[in-house]
Amino acid sequence: MPSIQLNTIGVIVGPKKSEALAVVCDLREWCRERGIELRATADTADEVECAHLTLKDGEIAEDLDLVVVLGGDGTILGAARLIGAREIPVLGVNFGWLGYLTEFTLDELFSSLDGVREGRFSLDHRMLLDIHLEREGEIIAVHRALNDAVINKVTPARLIEFECYIDKLFVNHFRADGMIVSTPTGSTAYSLSAGGPIVHPGMRAILLTPICPHMLANRPVVVPGESDIGLVFRQATDGLNLTVDGQIITNLMPDDRITIIASKSTFDLVRPMNRNYFEVLRTKLKWGT
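In this note's numbering, the protein residues as written are 21 to 309.
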C-alpha cells in the first residue's frame with residue numbers, strides 16, 4: 021500500500037477523556053516537527069489551544085489526510101458521523117474499555133503515524149448503512165451508521181409489532197422487543213449480545229437480529245449487502261425509538277417506515293500490520309481462557 025502524504029491531521033478526543041488532552045499536546049509537537057498541520061474539534065482546541073476544525077452540517081468540512089481518534093469505540097462511531105461520506109482514513113487509539121475499533125495502544129501512536137507516512141499499515145474499508153425515516157410519505161430524518169440501527173421500546177410493558185420487507189418483498193410480521201439491523205462491523209456489538217452471528221468486517225452483508233422475539237423460530241438473518249431493508253410500524257407508540265449507533269435517538273410514530281441500505285461510501289479504518297481480526301476476537305472475547 022502506498023504511503024499517505026500527511027499535510028493536515030485532525031484529532032478527535034472522546035468525552036470525559038481528560039487524560040488524552042496531554043496526548044494532543046504531544047501530537048501537536050510531533051506534527052510541528054514534521055511540518056504537518058494539526059486541527060482539533062472546537063472543545064478540544066479550547067482545552068489545548070489548537071486551531072479549530074470547522075464543522076458544517078454536522079460533518080467535518082476541511083480536507084484532512086488523516087483523523088486520529090483518542091477514545092473508545094463510541095468515539096469512533098461519533099467520528100464516523102463527523103466524517104460522513106468523505107472517506108478520510110481514521111486511526112483509533114484506545115482510551116476506552118473494549119476497543120474493537122480503536123486497536124492501537126497509546127505506546128503505538130507515534131510509531132504507527134510514522135508507519136502511515138511510510139506505507140507500513142493496512143486499511144479496512146468498513147461498510148456503512150444509510151437509514152431513512154419516512155413519515156406520511158416524507159423523509160423526515162436521514163442517518164448513517166457504522167454499527168447498527170436499533171428499534172426498541174422505552175418501557176418493557178409490551179412487544180413491538182412490525183412488518184419486515186427485503187427488496188420490497190414481505191418477509192415476516194414480527195412481535196419482539198425490537199430489531200437490530202447491523203453491519204458486519206456491528207456484528208460484535210449489540211447484535212452479538214442479542215444472539216446474532218459474528219460476521220467478518222470484510223464482508224458486505226446486512227444482519228437482522230430480532231431482540232427477544234415472541235416466536236423462537238424468528239432467528240437472526242444475514243442478507244446481501246445490496247439488499248433494501250424496509251421496516252413498517254403499524255402500531256407504534258410514544259415509547260418506540262430508532263437508535264443509530266447507540267447515540268442518535270428518534271421517536272417513532274404509527275405507520276412510520278424505515279428504509280436501510282448500504283451506503284455508497286465506506287469508513288476507512290487504519291489497522292496495525294502486526295494484528296489480525298481473529299487475534300482481536302480472541303483477545304476481546306477471551307476465547308481459550
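By construction, these hints were calculated from the structure, which means they are not laboratory data. One thing to keep in mind: the hints can contain errors.
Said to hold, decoys possible - The calculated EDC-like cross-link candidates involving lysine to aspartate or glutamate, where the alpha carbons are at most 20 Å apart (straight line), are: (1) Lys188 x Glu138; (2) Lys284 x Glu246; (3) Lys36 x Asp63.
As the list claims (entries may be wrong) - Pairwise CB distance ranges (calculated): (4) Leu41 x Lys188: 44 to 54 Å; (5) Arg239 x Leu189: 35 to 45 Å; (6) Gly55 x Glu246: 37 to 47 Å.
On a predicted model such as this, the values are computed, not experimentally measured, just so you know. By construction, the Cβ of each residue, glycine as well, lies at the ideal position given by its N, Cα and C atoms.
Here is what the structure says about each hint:
| no. | hint | result |
| --- | --- | --- |
| 1 | Lys188 x Glu138 | 47 Å, violated |
| 2 | Lys284 x Glu246 | 10 Å, holds |
| 3 | Lys36 x Asp63 | 11 Å, holds |
| 4 | Leu41 x Lys188: 44 to 54 Å | 50 Å, holds |
| 5 | Arg239 x Leu189: 35 to 45 Å | 18 Å, violated |
| 6 | Gly55 x Glu246: 37 to 47 Å | 43 Å, holds |
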